[in-house]
Amino acid sequence: MTSGDLDPRMRPMPRRTGPPVTANHVTILRIALLPVPCAIVLYAPVSWHWWAIVLLAAIGLTDMLDGWMARRWGGSVLGALLDPVADKVFMAAALVLCLALDLAHPAVVALMVFRDFVITSLRSAMSLRGGHVKTSILAKLKTAVQMGGVAMVYVVYRLPDAGRVLPLLGVLAGLYLAFAVWRRIATGEFRPLVWVPASMALLAFLIRLLADPASARQIYWGIVVAFTVASAVDYFGVTGRVLLRGTGHRLDDLGRILWSVVAGIGLSWLVVQRPEIAPLGIVLLATEFASGAVDNLRCHEGFLPYRWVYPLRAAVLTAGGWVVLLLAHDGRPWSPAFWGAFALAAVMLIWTVVDFVVARNLIWGEEAAETEQAKVVVGR
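Per the working numbering, the sequence shown starts with residue 1057, numbered consecutively.
Please keep in mind that the hints were generated in silico from the structure rather than gathered at the bench. Glycine included, every Cβ here is placed at the ideal spot set by N, Cα and C. Careful, some of the hints might be misleading.
[To be verified] What follows is a list of derived Cβ distance ranges for each label pair:
hint	residue 1	residue 2	range
1	LEU1249	ALA1113	11 to 21 Å
2	LEU1224	TRP1407	38 to 48 Å
3	ARG1240	LEU1405	22 to 32 Å
4	LEU1405	LEU1117	39 to 49 Å
5	ARG1247	GLY1226	21 to 31 Å
6	ARG1416	ASP1158	27 to 37 Å
7	LEU1117	PHE1246	22 to 32 Å
8	LEU1224	PRO1162	25 to 35 Å
9	ASP1217	TRP1364	53 to 63 Å
10	LEU1405	PRO1216	36 to 46 Å
[What the hints assert, rightly or not] Derived EDC-like pairs: lysine to aspartate or glutamate, alpha-carbon spacing no greater than 16 Å straight-line:
hint	residue 1	residue 2
11	LYS1196	ASP1290
12	LYS1196	ASP1119
13	LYS1190	ASP1119
With these hints in hand, go ahead and build the complete structure from the sequences.
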């Protein structure tokens, strides 16, 4: 008797070929931990702030870990969707930290978050018209410049003394440039994704060398905003003609634009008005980015969207945010406003989980796209 003759319930289970912890687990953990550094900055003593930055940096390093695990043991459609979502939420968490510390103008934060939601909506709009939006080199550079720029803003804030911060920035710039030169010699390739960040590291050092801390921070933000706007213009330059000439789906487009405004600008403004809910604001941004990723996948695979979904999400976010503003608040956690934001975050999280369940066949089932194909559906 062979194993094929046994009762199916008695056949040996296939062995796992990968580790018990997968790349998807690491990505989900990365998203789940992102509100923690913000909570430390808001609720813990000032002496804990460096620990928040260390934790945020450690969370950022998991991006390389889950990428390596996906290459080593194989990726999945779920991972292809969640990885860029995690990058966007990571950036949003860093921006919320800057808001909490009064290191960024609210308009700058709103612009950067709004840009990501608009591009998410743009991808779905293009897919509905049979088009495709490829992640550009400029968009990838934008992500690197944003992360590096926010890091420089915080370092200059915490180390205002030039005698302490300039050696640190000089060493970082030197190491980055040395790595870029080594890679150029070793591979014979000139890679913008290596040389531009290396050049920006050197520029960050020179800016602080020539400017005082406050002026240096403003210049850093100016560079970050310039890359953010340039990458958005680059996307619209590629897709604008298709969207303007394409017919149909105008109501779908309007619904997503409304959602982008509420999620990108409205949530940022809500965090400014009620700083104590900032960690929950990160949760809300995560739910909306994840929902947008599922919408990208559905549209890419040719499934017509439910036209009412994103106007309704915008309406729920607006109504919930208004209630949060009406509730009593004292700038500390556990206030009525905090619990109102908690309830709103719970509702949107459950709704987003339902989005994934509804799209389960596209993510896990027989209709699932190829992993490499899914990677291009959601971008930066």
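Cross-check of the supplied hints:
For the pair LEU1249 and ALA1113, the beta carbons lie near 20 Å from each other, so the given range of 11 to 21 Å is met. Between LEU1224 and TRP1407 the Cβ separation comes to about 44 Å, which falls inside the hinted range of 38 to 48 Å. Roughly 45 Å separates the CB atoms of ARG1240 and LEU1405, a value that falls outside the hinted 22 to 32 Å. LEU1405 and LEU1117 have their C-beta atoms about 26 Å apart, which leaves the hinted 39 to 49 Å range violated.
For the pair ARG1247 and GLY1226, the supplied restraint of 21 to 31 Å holds, since their beta-carbon distance comes to about 23 Å. For ARG1416 and ASP1158, the hinted distance range of 27 to 37 Å is not satisfied, since their beta carbons lie about 43 Å from each other. For the pair LEU1117 and PHE1246, the beta carbons lie near 26 Å from each other, so the given range of 22 to 32 Å is met. Separation of LEU1224 from PRO1162 is about 29 Å and conforms to the stated range, judged on CB atoms against 25 to 35 Å.
For the pair ASP1217 and TRP1364, the supplied restraint of 53 to 63 Å holds, since their beta-carbon distance comes to about 56 Å. Between LEU1405 and PRO1216, the C-beta spacing of about 39 Å keeps the proposed range 36 to 46 Å intact. Simply put, LYS1196 and ASP1290 have alpha-carbon atoms about 12 Å apart, close enough for the 16 Å limit, and the pair holds. With a C-alpha separation of about 14 Å, the suggested pair LYS1196 and ASP1119 falls inside the 16 Å cut-off, and the hint holds.
Distance restraint check for LYS1190 and ASP1119: the Cα-Cα separation of roughly 21 Å exceeds the 16 Å cut-off, and the hinted pair is therefore not satisfied.
The structure does not agree with the numbered hints 3, 4, 6, 13 stated previously, though it agrees with the rest.
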